[in-house]
Amino acid sequence: MSEHKTTEMLQEEAAKLFAEIEAKKAAGTKLTPKDRTSIPLQEMPSQEPTVRAHNMSEVALGYTETQARLESERCIQCGGAPCKNGCPVGVPIPEFIKHIQEGDFKGAVDTIKQTNLLPAICGRVCPQENQCQKFCTVGKMMKAPEKAVAIGRLERFVADWERSHDQITVPTPAPETGKKVAVIGSGPAGLTVAADIRRAGHSVTVFEAFQKTGGVMVYGIPEFRLPKELVAKEVDNLKKMGVEFKTSFLVGRTQTLEQLLDEGGYDAAFIGTGAGLPKFMHIEGENLIGVFSANEYLTRSNLMKAYDREHSDTPLYDAKRVAVFGGGNVAMDGARTALRLGAEKVYCVYRRTRAEMPARIEEVAHAFEEGVDFHFLENPTKFIGDDKGRLIGVELLTYELGEPDASGRRRPVAIPGTEHVLDIDAAVIALGNDSNPLMAQTTQGLNVTKWGNIIVDENQKTSIPRVWAGGDIVLGAATVILAMGEGRRAAASMNEYLASK
Amino acid sequence: MHKKRQLSYDKERDQSVFYYKVDAPEIARNRKAGQFIIFQIDDNYGERIPLTIADANPEEGWIAIVFQTVGATTRRFSMTFDVGDNIPVLVGPLGKPTHIEKKDGIVLCVGGGIGIAPLHPIVQANHNIGNKVVTIIGARTKDLLFFEDEMRAASDELIVVTDDGSYARKAVVTEPLKEICEKEKVSEIVSIGPAIMMKFCVAAAKPFGVPITTSLNTIMIDGTGMCGCCRVSVGGETKFVCVDGPEFDGYKVDFDNMMQRMTAFKDKEREADHKCRVGLDAGKAGA
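Protein chains in written order, with our numbering: chain A, 1 to 501; chain B, 1001 to 1287.
Hints are computed from structural coordinates only; laboratory data are not their basis.
Using N, Cα and C, we set each Cβ at its ideal position, and we do this for glycine too.
There could be a bad hint or two in this list.
[As the list claims (entries may be wrong)] One-sided and incomplete, this derived list gives chain B residues near chain A with beta-carbon spacing under 8 Å:
1. SER1016
2. GLN1040
3. ASP1143
4. ILE1221
5. CYS1227
6. CYS1229
7. SER1233
8. GLY1235
9. ARG1261
10. PHE1265
11. LYS1268
[Said to hold, decoys possible] What the simulated footprint calls covered on chain B by chain A, stretch by stretch (three residues with Cβ under 8 Å from a Cβ of chain A suffice, anywhere in the stretch; the number is not a length):
12. 1022 to 1036
13. 1083 to 1093
14. 1188 to 1195
Only chain B is shown next, with the shape it has when bound in the complex:
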């Protein structure tokens, strides 16, 4: 164990989405929007899980991560780590930062589920350079929604949807996406969420010819380009999400292959849930 990390539960929403502030001064200082970290809850036998940085404060030396408990590792992480405990392994910031530049029209940011977390720094960064930001956040249901206040604070307009209508508008994120593209000048769309959501966002954006950036959340091990486990097909070329990404031109990503590859260890996962020991969260805990 090499560093002391503070954890905070102050924004815990429910039993499945967790927000932790983690003491990581070096990462807080150098991270940029779009970058991620990898953590392990055991430096010997633990699996490596990528999580995008949801927020950071270089002065106070912390970063924030948001994760959903989807496997044994995230469950253990949420249950057994108390404020003040050490996270044995945490490395970052990884990946290429988001390319942020001044745009004429709207930057439309679309976040679904746990993908809302990585979208937050991108919304902030666009807002900070003076872009007009319209943000859509959506989740399956009310309990899985978070960052509404934070997103509202950093956006010119915020649209909230839930699939089941349990909170705000009952819709999927592609519906407001299309409406906005129909009536406004949109310069760029940034979409982060489950692969299937990003795939549909790309399809929805296509008729309008708006560029769309997607942030991919594949399975990873090292996160530094060494293993190639995270590879995806982008424009017919094999790219590594960890070093070439995580963000790619949505029109070029082969989402079907990506979704298939993410099922590589699905059978193990069921087995693990059964035995309640193996995590296999990598690539699912966050974007």
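If we strip away everything but chain A, and leave its shape as in the complex, we get:
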């Protein structure tokens, strides 16, 4: 593990290099691609690991202005823009970076917002290494994809700059069309649809079952990774555009989708209800006290603010030794939340190895730095409880990697006779979600797969007239940006339908 550099140290290094570049430019010398690629990748300033593991504040602090300018100069404006093709919402990446190179941050963020209204969020939670940055020409030239231009960090920088400089501009909707759209769910898919449809001049109501808007961005992703204030700000922007929000309204129960369409006067609807039904392992002891789904564990802490013990009425389960099961972003969130809630020892049990982990590279690195103890190639066989039904341990089996499976990852194979017990007093199961059955149960004619995911065509249209769907309820558990990509596609098709009506 490399030594932790403070923001000041990173700024000082960046300032020196940036001054050299400015001098070169001032002298009329154009930067060559070689000049650009020789600029070191700018490291993200962050809270010191031993400090941040005990607070809920954001871990990554964001680039300084100088760092952002310097990092932007690493982009060679290669011409083909392969990065853009790696983006599910097609952000004009080279164009926005060019604005940063020119010091025009507002121009940069406005360019991003042509296709992505939530840059402050995407800059923080997108798996850039598998999307835009994976295709970056600079990374390819250096034969090191991890040295690609830090597109996500730049996106975050300009979005944060816009907010902290009170420069946020809200798109003006087209003249009112008199048509009404219901958006079910206020997560990333729903918010994207709401924005795109409102822009076209249609009236939009977003229905949210919880008391707060933002879906997984408020109940799931923790404060230290995505400050809730940011999500609230994005929702505020939509409100300024005239989008209406109805919280504590569970479509399917408070009113059915049919009621909204037939009696509520909605011309079309979008279902973006997410993948809300936690998977369990169906092993012995899973209903012991102290065994939680990641959804429950994170919802208590995030949405219900249980981490704020002074104010919150929702209790936390005090545990000294916590094991999180899974290798995705949610598992990392669970493990790092456990540290912050006071666990002395936090394990992450994953049946494959670090290389196969589906989590963002940065989240895994942060978890390691903060002291999460990874148990790779292990998988639980049963939970063990005391006479009061409280969890005291988990029996694990050791695995090895065999032949690749359908996902292309090497299949973990159990090694018989390797059972061993890990003493824990809380378990957090982060193995993904099944789709919530409520919409399918309460909506006649809505076709779903055998896993309960809503079936849509290439335009995100469902089997019911006037109804589209997107995000995790279609994809199964995926990412914020993929949900937004589906939302964009649905909104385009819905706008087309509404215009033709």
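Place chain B on chain A using the hints.
Showing chain B alone in chain A's frame:
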């Protein structure tokens, strides 16, 4: 705060059981017997508490909830909310409705303590489709008993018991349950109350082979299937009370595991009572 709700104290019985009428036209319109709501008294820091709907009037746009003050949230709810005040968060109707169908024999409805409230719409619904309904309501003591008139109005026969004999017959609900099963043809039993009471009702019904439905009141957070906090073991399978229930075949419910799981935050509760700030009522305030 998104909706104005009226509260009424008109049927307040004593210091621990409260009956509120709440303005909730959408819920009143769509709710069915057996369904519940979740409320919070503070949309930022408040805990989410499930309460079964005790009554509703779609024309007048209200639902009724009955709760017992068992923790800090219900205590605050009972003390600081006046008629006309807003309840910041109220969502519903949640859960699957009760399956009501015409039966040949008696539908025996058994409610204990605060469980009498959720039983009321089920008694009404059975009565409305013409089933012969015999209702047993019981409480620890006279002061905790309510809905006697309402239950009598919707039942062919009503039996009232108290554990301590302070009112009506001194008995626990399983005693009249057995007597009725012995002498009459009972098609179904519906039992709602504390977990331990439902467990004993199941044991009492078993020798007679009568189907028994129980409505579970576990700890919940979202109430929409998202967290799995309310899970119970039913027939060896893990089920979510909020979306698969709240009603399950009593013979299949693992009540012992359910009762254990409800103690998950008991230590916190004592602490909260001490500090008089944290509620932790979820799953206890009502069924």
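Okay, the hints, checked on the actual structure:
1. Against a cut-off of 8 Å between C-beta atoms, the interface hint on SER1016(B) is violated, since the closest Cβ of chain A lies about 20 Å away.
2. Because the closest C-beta pair between GLN1040(B) and chain A is about 6 Å apart, less than 8 Å, the hint holds.
3. With a least beta-carbon distance of about 27 Å to chain A, the hint placing ASP1143(B) at the interface is violated under the 8 Å criterion.
4. The interface hint given for ILE1221(B) is met, as the beta carbon of that residue sits about 6 Å from the closest beta carbon of chain A, less than 8 Å.
5. Here the hint on CYS1227(B) is kept, as its CB sits about 4 Å from the closest CB of chain A, short of 8 Å.
6. Against a cut-off of 8 Å between C-beta atoms, the interface hint on CYS1229(B) holds, since the closest Cβ of chain A lies about 5 Å away.
7. A hinted interface residue such as SER1233(B) counts as satisfied when its beta carbon comes closer than 8 Å to some beta carbon of chain A; here the least separation is about 6 Å, so the hint holds.
8. Interface hint status for GLY1235(B): violated, as the beta-carbon distance to the closest one in chain A is roughly 13 Å, over 8 Å.
9. The beta carbon of ARG1261(B) comes within 6 Å of a beta carbon in chain A, closer than 8 Å, and the hint placing it at the interface holds.
10. Annotation: PHE1265(B) was flagged as interfacial toward chain A, and the flag holds, the nearest CB pair being 5 Å apart, inside 8 Å.
11. Residue-level restraint check for LYS1268(B) holds (minimum Cβ-Cβ distance to chain A is 4 Å; threshold 8 Å).
12. Counting residues of the segment 1022 to 1036 of chain B whose beta-carbon sits less than 8 Å from any beta-carbon of chain A gives 4, enough to reach three: the coverage restraint holds.
13. Using a Cβ-Cβ cut-off of 8 Å, 6 residues of the segment 1083 to 1093 of chain B lie near chain A, which meets the minimum of three, so the contact claim holds.
14. Counting residues of the segment 1188 to 1195 of chain B whose C-beta sits closer than 8 Å to any C-beta of chain A gives 0, which falls short of three, so the coverage hint is violated.
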